[in-house]
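Undergrad: Residue numbers (numbering that gives the first Met the number 0), protein chains in the order written: chain H, 0 to 685; chain G, 0 to 685.
Heads up, a few of these hints could be off.
Note that the list lumps identical chains together, so a pair holds whenever it fits in one copy or between two copies.
The list that follows gives simulated cross-link-like pairs (lysine to any residue, SDA-like), each with its CA atoms no further than 20 Å apart [unchecked claim]: (1) 174 <-> 366; (2) 595 <-> 187; (3) 624 <-> 611; (4) 548 <-> 628; (5) 595 <-> 611; (6) 624 <-> 607; (7) 174 <-> 358; (8) 113 <-> 358; (9) 548 <-> 358; (10) 544 <-> 524; (11) 174 <-> 349; (12) 624 <-> 563; (13) 576 <-> 400; (14) 624 <-> 614; (15) 174 <-> 437; (16) 38 <-> 522; (17) 576 <-> 190; (18) 548 <-> 366; (19) 404 <-> 480; (20) 235 <-> 407; (21) 576 <-> 200; (22) 576 <-> 389; (23) 624 <-> 613; (24) 393 <-> 572; (25) 476 <-> 685; (26) 576 <-> 101.
Simulated from the structure, these hints should not be mistaken for laboratory data.
One-letter residues, chain by chain:
Number of protein chains: 2
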Amino acid sequence: MASADGIVGPKQMGGNEPQLSMAPCAAATSSTRPRSATKSLPRFDPGVMETYLDDMRDMRARVNELFRQHPELLPNVEEGLSKEEHRDLVRRALKVILQAGYSPLEMLARDPRKYFYLGECLSMVDLSLMVKSGVQYSLWGGSVLNLGSEAHRRRYFDDIAQFRLPGCFAMTELKHGSNVAALQTEAVLDVLSDEWVVHTPEEGAIKWWIGNAAEDGRAATVFARLKVPDPNGGSKLVDHGVHAFVVPLRDPNGNLLRGVEIRDCGYKVGLNGVDNGAIRFTHVRIPRVNLLDRFASVDKSGRYSSPLTSQARRFAATLGELTGGRVGLTAGSVGVLKGAVTIAVRYAALRQQFGPPDCPEVAILDYQSTQLRLMPLLATCYGLHFARGLLVDKYVDMKRTREPKLVEEVHALSAGLKAYTTGYTQSALSTCREACGGHGYAAVNRLGALRSDHDIFQTFEGDNTVLLQQVSAMLLKEYRQQFSGAPLTASYHYLRSALLGALPNNPLVTHDTEPRHLRDPAFLAKALEYRTARMLFTLSLRLRKHGPKLGSFHAWNKCLDHVLSLARAYVESVIYKTFLRAVAGCVDPECRRSLKAMSDLFALRLIEGDMMFRNDEYIAPAKAKAISRLVVALCSELRGQALNLVDAFAIPDHILRAPIGLGGNGGAGPQPDIYREYLAAAGFEV
Amino acid sequence: MASADGIVGPKQMGGNEPQLSMAPCAAATSSTRPRSATKSLPRFDPGVMETYLDDMRDMRARVNELFRQHPELLPNVEEGLSKEEHRDLVRRALKVILQAGYSPLEMLARDPRKYFYLGECLSMVDLSLMVKSGVQYSLWGGSVLNLGSEAHRRRYFDDIAQFRLPGCFAMTELKHGSNVAALQTEAVLDVLSDEWVVHTPEEGAIKWWIGNAAEDGRAATVFARLKVPDPNGGSKLVDHGVHAFVVPLRDPNGNLLRGVEIRDCGYKVGLNGVDNGAIRFTHVRIPRVNLLDRFASVDKSGRYSSPLTSQARRFAATLGELTGGRVGLTAGSVGVLKGAVTIAVRYAALRQQFGPPDCPEVAILDYQSTQLRLMPLLATCYGLHFARGLLVDKYVDMKRTREPKLVEEVHALSAGLKAYTTGYTQSALSTCREACGGHGYAAVNRLGALRSDHDIFQTFEGDNTVLLQQVSAMLLKEYRQQFSGAPLTASYHYLRSALLGALPNNPLVTHDTEPRHLRDPAFLAKALEYRTARMLFTLSLRLRKHGPKLGSFHAWNKCLDHVLSLARAYVESVIYKTFLRAVAGCVDPECRRSLKAMSDLFALRLIEGDMMFRNDEYIAPAKAKAISRLVVALCSELRGQALNLVDAFAIPDHILRAPIGLGGNGGAGPQPDIYREYLAAAGFEV
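When you get a sec, could you build the whole thing from the sequences and use the hints?
TA: Quick look at the structure:
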C-alpha cells in the first residue's frame with residue numbers, strides 16, 4: 000500500500016512543477032509512454048497513406064510548386080498587411096494561377112472534382128485567395144452557368160474565366176441573410192424600354208458583404224424581387240419573388256456606373272484579402288435579357304412564364320443550383336483542419352515540459368490531456384476527409400445525371416457536411432492554438448489567422464444553424480413520405496419496431512464491456528443509427544403534438560434544439576459509415592490498423608458524449624465507463640503514429656509556413672529543429 | 000390529429016425559409032414568445048441591479064469619462080493599425096490615466112480592490128492597454144514589491160508608478176514556460192566584484208514573450224538560477240534554484256545596455272499594442288543587491304541564507320507572491336465576457352429573421368437555439384462576476400492577514416478561477432460571434448478582436464491545464480492531511496459515508512421531476528458537492544492504485560483527465576455557492592428573481608452535462624429529461640429580461656463601440672437603431 004505522500008502529483012501549491020518520486024525514467028525516455036499503456040499501432044509508411052488519401056497528388060504538387068516559385072505571393076504576417084495590400088496580393092496570386100494554365104471556371108463546368116481539389120490546395124496557401132476565387136468562379140461564375148441560359152454562358156464564360164470580368168454574387172442584404180425569400184431589392188420591368196429597373200427600396204435592402212464588390216467587381220448576379228405589370232390590367236405590379244439578374248457595376252476603367260453606390264465593408268475579423276462591399280442601387284436600368292432565365296423567363300410584353308409550377312419550386316430550384324459553394328467550403332475547411340492539426344501535433348511531439356524527477360522532460364503529446372485534445376481532432380480530420388470525398392463524388396454524379404433523388408440527397412449532404420465540418424474545424428482551431436501554448440500565439444505560427452479567416456465559413460453560404468434545420472427537414476420529409484396517407488399509429492408502430500430492432504437484441508450486449516465488442520463496427524454503426532432513428536421518431540411525435548396548438552412555426556421553434564441535434568446525429572452517422580468504407584477499402588494492413596483505430600475513436604467519442612444512450616439504457620453504466628477508458632486508450636495508441644498520420648496530409652513546409660509545425664518532408668528524416676526556425680523568424684542569428 | 004403536412008418546418012430543401020401555416024402572429028408580435036412559453040420573470044430596474052453588482056460605480060464613471068474626452072486613444076479598427084501604431088496608442092493612453100491621477104501601483108500596494116476594478120474597466124477599452132498596465136504594475140511592479148526588500152521598494156516604487164522606469168517580468172524562456180523550476184538562465188555571483196553575472200547559456204534559455212521588452216522596458220525582473228561558490232571550497236558552483244533579480248536593460252535614451260540583445264517577438268494573434276520581446280543576456284553584470292531578497296539573500300562572501308528551509312519552499316513562496324496577476328486576469332476576463340454578451344444579446348434582440356407566414360419576422364433571440372446559446376452565457380457571466388468578487392475579497396484579506404491557510408486557499412482559488420473564467424470567456428467569444436452571424440464578422444463589431452486579444456489569457460500567468468492541476472493537487476493534499484497517519488480503510492470509509500450522505504436520502508428524490516425540487520438550491524448544491532467529493536475520492540483511489548506500479552509522475556498522467564475534471568467540478572461548485580449567496584443577499588425582489596433563475600440555470604446545465612450523475616443513478620432518466628426541459632424553459636424565461644440583464648453591466652456606448660451592440664444608456668428609452676450606426680460606420684449617409 001502506497002503512503003499517502005506517494006499519491007499526489009504537483010505537491011507545491013506555489014510551484015508549477017510536479018515534485019514526484021519513484022517514477023522510472025525508462026518509461027519516459029524509451030518510448031515516452033508509460034509501460035502500462037495499451038499496445039501500440041504498427042508503424043506505417045506515410046507515403047502509402049498519402050497515396051490512399053489522395054489520387055490527385057500531381058496536381059497538388061504543381062500548385063505547391065507555383066508558390067515555391069512565388070513566395071512573395073504568400074501573405075507575410077510580419078509585414079502587418081493592410082487590407083488594401085492583402086487584396087493586391089490575392090489579385091496577383093490569382094493571376095499567377097490563371098497564367099499557369101489553371102482555369103477554375105473550366106474545372107467547375109467540366110471537372111468539378113478538380114475545382115474542389117484546387118480549393119483545398121489553396122486553403123493553406125491563403126484563405127483569402129481561396130475565397131476570392133470562390134466568389135469569382137463558384138458564386139459569380141456558377142450563378143451565370145447554373146441559373147442562366149446558353150446565351151448567358153456564351154456571353155460571359157471566357158471573361159469570367161480569365162478574370163477580365165470580375166463579378167459578385169449580390170444576395171445578402173443588410174437586414175436579410177438567411178431569409179433569402181424576404182429580400183427587398185426589386186427589379187421592375189419597364190415594358191416600354193424593355194429594361195429592368197433595379198432598385199434598393201430602403202436602407203435595410205442595401206446589398207451587404209458582397210465579395211469582389213469593394214474594388215474589383217464589374218458586374219454582379221443580383222438577387223431581387225421580379226416585378227411585372229399585372230397581365231390582367233390591374234394597377235399593381237405582380238411580385239414573382241426573388242430572381243437573379245446580371246447587373247453591371249463598373250465600366251472597364253473601374254468607375255461606378257450611374258445609380259450604383261458602393262461602400263467598402265471595411266476590416267473584417269479575417270479574410271481581409273477579399274474586398275467585400277455594400278451596394279445600393281438607385282433605379283439602375285439593365286436589358287431585359289439580363290434576367291438569368293433558366294427557371295423563369297419574361298417576354299417583351301412582360302408575360303412571366305416558367306417550367307416550374309410554383310414560386311416555391313422556382314425558388315428552391317434557384318437556390319438548389321448553388322450547392323457547389325457548400326461543397327467547396329467543406330473541402331476548404333477540411334484543408335484548414337489538416338493544416339492546423341499538422342502544426343499542433345508536430346509541435347506537441349517536440350515540445351517538452353516537466354517530467355519524472357531526475358529524468359528528461361517528456362513531450363507534451365505524452366500527456367493524457369494533450370492526447371485527449373489532439374487525437375480526436377486527428378481522427379475526425381480523417382473522417383471528414385473521406386466524407387468530403389463522398390460529397391464531391393455525389394455532387395459530380397448529380398451534375399451528370401440530374402437525377403431528382405440525388406439532387407435532394409446532395410442538397411442535404413452538402414448542407415449538413417458544410418455545417419458540421421466548418422463548425423468542427425472552427426473549434427478545433429482554438430483547441431490547436433491552446434495546445435501549442437504561448438508559441439501558438441505567435442502570428443507567424445498561423446493558428447490565429449486561420450481561426451479568424453475560417454470563422455465566417457460557419458456563416459456564409461448558409462448559416463450553420465439554418466443549414467442543419469434543412470437537413471432535419473429533409474429527414475422528416477422522407478419519413479413523412481414513407482407514411483403518407485397511413486394513420487399515425489401505423490408509422491408509430493413501424494418506427495418503434497425499427498428502433499427496437501436496433502436495440503441490442505440481447506441484454507448481455509447492453510453490459511458488454513469487452514474492447515472486441517466496443518470496437519466492433521456493427522455495434523458502433525448500429526448505435527449511431529439507433530440514435531438518429533430515435534431522434535427522428537421522437538421529433539416527429541413532438542411536432543405532431545405541438546403543431547395544432549402552436550402552429551407549425553412555433554412548434555418547430557419549440558423543438559429547435561432537438562431539430563439541430565438530429566441533424567448533427569445524422570451527419571455523424573454518415574461520416575462514420577463513410578469512414579468504415581474507407582477502412583475496409585485500404586489494402587495496406589498497417590495503414591488500415593491506424594484508420595480503424597481512428598474510426599473507432601470517432602464513433603466512441605460520440606457515444607460517450609451523448610446522454611441519450613444512458614437514458615435509454617442502450618448502454619449500461621459499466622459499459623459507459625468502459626467506453627471512456629477505451630477512448631483514453633485509443634488516444635494513447637494513436638499518439639505513436641500521430642506524426643505519420645499528419646505527414647500523410649503531405650503539406651510541404653513552404654505552404655504550412657508555421658515555424659513550430661515544420662517537418663513536412665514526406666516523412667523522410669527526423670523532425671527538423673523547429674526552435675531554430677522560430678529563432679530565425681524572430682530575427683536571431685542561428 | 001394534425002396532417003403530416005402540418006408538422007414540418009422548412010419544407011423546401013432548396014430554400015432557407017420555413018414555409019409554415021397556422022401560426023398565430025399574435026404570439027410573435029406581442030411578446031415575441033409563443034403562448035406556450037413558461038411564465039415570465041418580473042421586469043426589474045437595471046439601475047437597481049447595477050448598484051447591486053457594483054459598489055465602485057463612481058470610479059468606473061470617471062474612467063469611462065476619461066475616454067469620452069479622449070476618443071483618439073481607442074484603437075480604431077478601420078485604420079488597420081500596425082503594431083507600432085497600436086503600441087504608441089497604448090503608451091499614450093497609459094499616460095492619460097496616470098495624468099488623471101490614477102496610480103495603479105499605489106492601488107495594488109494599498110487598495111488592491113481598486114487595482115483589479117480598474118483592470119476590469121480597461122478590459123473593454125483596449126485589452127492591450129489592460130495587459131500593458133498589468134505588465135508594468137502587477138508583474139514588474141508587483142515582483143519588486145513582493146519579492147524585494149524595503150530597500151528595493153523605496154528605490155523603485157515611484158519610478159515604476161509613474162512609468163518613468165518601464166519594466167518587464169522576464170520569466171518565460173523559449174523552451175520553458177510552465178515548468179519554471181527548469182529555467183536555464185543563470186545568475187552567478189562574482190565575489191571579487193560583488194556582482195551577479197546574468198547569462199543565457201543556450202538558445203533555449205532566451206527569455207521569450209517578455210512584455211514591455213521590445214520597445215519600452217528599461218529594466219526587468221529576471222528569473223534565473225542563483226549560483227554561488229561552494230562554501231565548502233569545492234570547485235563546482237552551488238545551484239540554489241530559480242530566484243528573481245533586477246536587471247537593467249536600456250539606458251534612459253532607450254539604448255540597449257552591454258550584453259543585452261533584444262528582438263521583437265513580432266505580430267501576435269492579438270494584443271499587438273503590447274511590445275513583447277525576446278532577450279538574450281551575455282555575461283551581464285549587476286550589483287549583488289539586485290537580488291530580490293525577501294525569501295533568500297546572499298552576503299558579500301557569497302553565503303546564501305533564507306528564512307525558508309528548503310529550495311522547494313522558497314520557490315513556492317516566490318511564485319505564491321504572484322497570485323495577484325491571476326486575480327487581475329480573472330477580473331479582466333469577466334469584463335470581456337460582459338462586453339461580448341452585451342453585444343450578442345442586444346443584437347439578437349433586434350435582428351429579425353423568418354417568422355410565421357404573413358406575420359412580421361421574429362427576433363433571433365426568440366429562437367430556442369439562440370436562447371440556448373446566449374442565456375447560459377449570461378447566467379454564467381453573472382456567476383463569474385460574483386465569484387470574481389469573492390476572489391478579490393479573499394485576496395485582500397490574505398494580503399492583510401498573511402494567514403497561511405488563506406494563502407493556500409487564495410492560491411488555489413485564483414488558479415482555478417483564472418483557468419475556468421478565461422477558458423469560459425474564450426469559448427463564449429466564439430459563440431457570440433456566431434450568434435451575431437455575418438455582422439458579427441465585421442471588425443468594427445469587436446468580437447473578433449476580443450477573441451484574438453483574450454485568447455492568451457488562457458495561457459499566460461499559468462497555462463490553464465497546469466493551473467487546474469494545482470487546484471486538484473491542493474484538494475488531494477487537504478484530503479491527505481485529514482487522514483494523515485490513518486490507515487487507508489479509515490479514509491475510505493469516511494469519504495464513502497460522506498458520499499453516501501450526499502446521495503438523495505430517499506429513492507423518490509432520484510426520480511423527483513418537479514420544478515420546485517429541481518430548482519431547490521439544496522438539491523443543486525448537494526449534487527455539485529457530491530460530484531466533487533466523488534471525483535476526489537475516486538481520483539485518490541486511482542492514484543493509490545497506479546502509484547506503486549508506475550511511479551507518481553506516470554500515475555498522475557494516467558489520471559490526468561480525471562484530475563482536470565475534478566478541478567473544474569470544484570471551481571463550478573465554488574461559483575455556484577457564491578452565486579447562491581449573491582441571490583440571497585439581494586433585497587430587491589424583482590432583481591432577485593432573475594438572479595435566482597440564472598443561478599438555477601447555471602447549476603442545472605452542469606448537472607445536465609455530466610454523465611456521472613446518470614452512471615451513478617444519482618438522477619433517474621426521467622429526472623435527467625426533466626432537467627433538460629427545465630433548462631430550455633429557464634432560457635425562455637430569461638429571454639424576457641435579457642436586455643435588462645445586460646444593461647445592468649452598464650457599459651456605455653462609447654466604450655462598447657460595436658455598432659450592433661449599442662444601447663447602453665442606462666436602460667433609458669428604447670434600443671437605438673443599430674443598423675443606422677452600422678450604415679454610418681460603413682460610410683453611408685444616414
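Undergrad: A separate judgement is required for each hint: does it hold in the structure or not?
TA: Going down the list of hints, with the structure as the test:
1. 174 <-> 366: This pair counts as between: shortest inter-copy Cα distance 17 Å, intra-copy 48 Å.
2. 595 <-> 187: Neither way: residue 595 and residue 187 sit 59 Å apart in one copy and 55 Å across, limit 20 Å.
3. 624 <-> 611: both (15 Å within a copy, 9 Å between copies)
4. 548 <-> 628: between (46 Å within a copy, 19 Å between copies)
5. 595 <-> 611: neither (25 Å within a copy, 28 Å between copies)
6. 624 <-> 607: For residue 624 and residue 607, both the intra-copy (9 Å) and inter-copy (18 Å) Cα distances are at most 20 Å.
7. 174 <-> 358: between (62 Å within a copy, 16 Å between copies)
8. 113 <-> 358: Neither: 51 Å inside a chain and 45 Å across chains, both beyond 20 Å.
9. 548 <-> 358: between (69 Å within a copy, 17 Å between copies)
10. 544 <-> 524: Intra 30 Å, inter 35 Å, cutoff 20 Å: neither.
11. 174 <-> 349: Cα proximity of residue 174 and residue 349: across copies only (11 Å, versus 49 Å in one copy).
12. 624 <-> 563: Cα proximity of residue 624 and residue 563: across copies only (17 Å, versus 27 Å in one copy).
13. 576 <-> 400: Classified as neither; 24 Å inside a copy, 63 Å across copies.
14. 624 <-> 614: both (15 Å within a copy, 8 Å between copies)
15. 174 <-> 437: Between copies, since 11 Å is at most 20 Å while 40 Å is not.
16. 38 <-> 522: neither (22 Å within a copy, 44 Å between copies)
17. 576 <-> 190: neither (55 Å within a copy, 72 Å between copies)
18. 548 <-> 366: Answer is between: at 18 Å across copies they meet the 20 Å cutoff, but 54 Å inside does not.
19. 404 <-> 480: within (13 Å within a copy, 68 Å between copies)
20. 235 <-> 407: For residue 235 and residue 407, neither the intra-copy (36 Å) nor the inter-copy (78 Å) Cα distance is at most 20 Å.
21. 576 <-> 200: neither (49 Å within a copy, 55 Å between copies)
22. 576 <-> 389: This pair counts as within: shortest intra-copy Cα distance 11 Å, inter-copy 50 Å.
23. 624 <-> 613: both (11 Å within a copy, 11 Å between copies)
24. 393 <-> 572: within (17 Å within a copy, 50 Å between copies)
25. 476 <-> 685: neither (64 Å within a copy, 45 Å between copies)
26. 576 <-> 101: So residue 576 and residue 101 fail the 20 Å test inside a copy (34 Å) and across (63 Å) alike.
In this structure, the hints that do not hold are numbers 2, 5, 8, 10, 13, 16, 17, 20, 21, 25 and 26, in rising order.
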